[in-house]
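Asker: With these hints in hand, go ahead and build the complete structure from the sequences.
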Amino acid sequence: GAVVSQHPSWVICKSGTSVKIECRSLDFQATTMFWYRQFPKQSLMLMATSNEGSKATYEQGVEKDKFLINHASLTLSTLTVTSAHPEDSSFYICSARAHVGDRGLGQYFGPGTRLTVT
Amino acid sequence: AQKVTQAQTEISVVEKEDVTLDCVYETRDTTYYLFWYKQPPSGELVFLIRRNSFDEQNEISGRYSWNFQKSTSSFNFTITASQVVDSAVYFCALSERGGADGLTFGKGTHLIIQP
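From first to last, the protein sequence lines are chains A and B.
When you line the first sequence up against this note's numbering, it's residues 1 to 118, in that order.
When you line the second sequence up against this note's numbering, it's residues 1001 to 1115, in that order.
Since the hints were derived computationally from the structure, they do not count as laboratory data.
Owing to the predicted nature of the structure, the values given are computational and were not obtained by experimental measurement.
For every residue, glycine included, the Cβ atom is placed at its ideal position computed from N, Cα and C.
Partner residues are not named here, just some residues of chain A that face chain B (Cβ under 10 Å, in silico):
#  : residue
1  : F34
2  : Y36
3  : L44
4  : L46
5  : A48
6  : E59
7  : F91
8  : I93
9  : S95
10 : G106
11 : Y108
12 : G110
13 : P111
14 : G112
15 : R114
Answerer: Right under this line is the structure:
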């Protein structure tokens, strides 16, 4: 149980285009999802917190107009990187926190999406 | 603001040696969770342990053990009789507000187990 998927697992896009990454909780409902970014050989940095049905909360220094987050249902959150540039190339990882019970104490990570902007 | 420090950037040991990965955290919150994750080259995070701030009991799981000491704000991770498959980057992380917040990660420790 507590499986989180991400799609796509990797994507290459041209500079100036937009890319959408999906994060799905497969066997539980996630009221809250988190998006992280990890540059090569660095740690994970929290980008934003999204709660189902409300606007995402972005961490300091993260451009909300560039990284659009939508959490339209209890099992799906999307991250859209708009007008991507090479410096946006990174590993993007989502995590989902369950609604009730013991699962509410854990955050379950997706496998990540590797974005390369050429 | 919360902070997690993993002072050891890289550790290299020979197989079968014991190795301890250090983690020191800072938080003003009284209810928080601490985590350890393993990240192999594939990139996918592997959950190892979660510990809440009220539970200072040490934990052992096979060759893995964790020592949580609130007095020194440390949550260290020991691998006994290390194996080549243990080679990976290990992250310590903290979540405040009883685990409701996103995780703050340390910079990670790259563990290399040589055969």
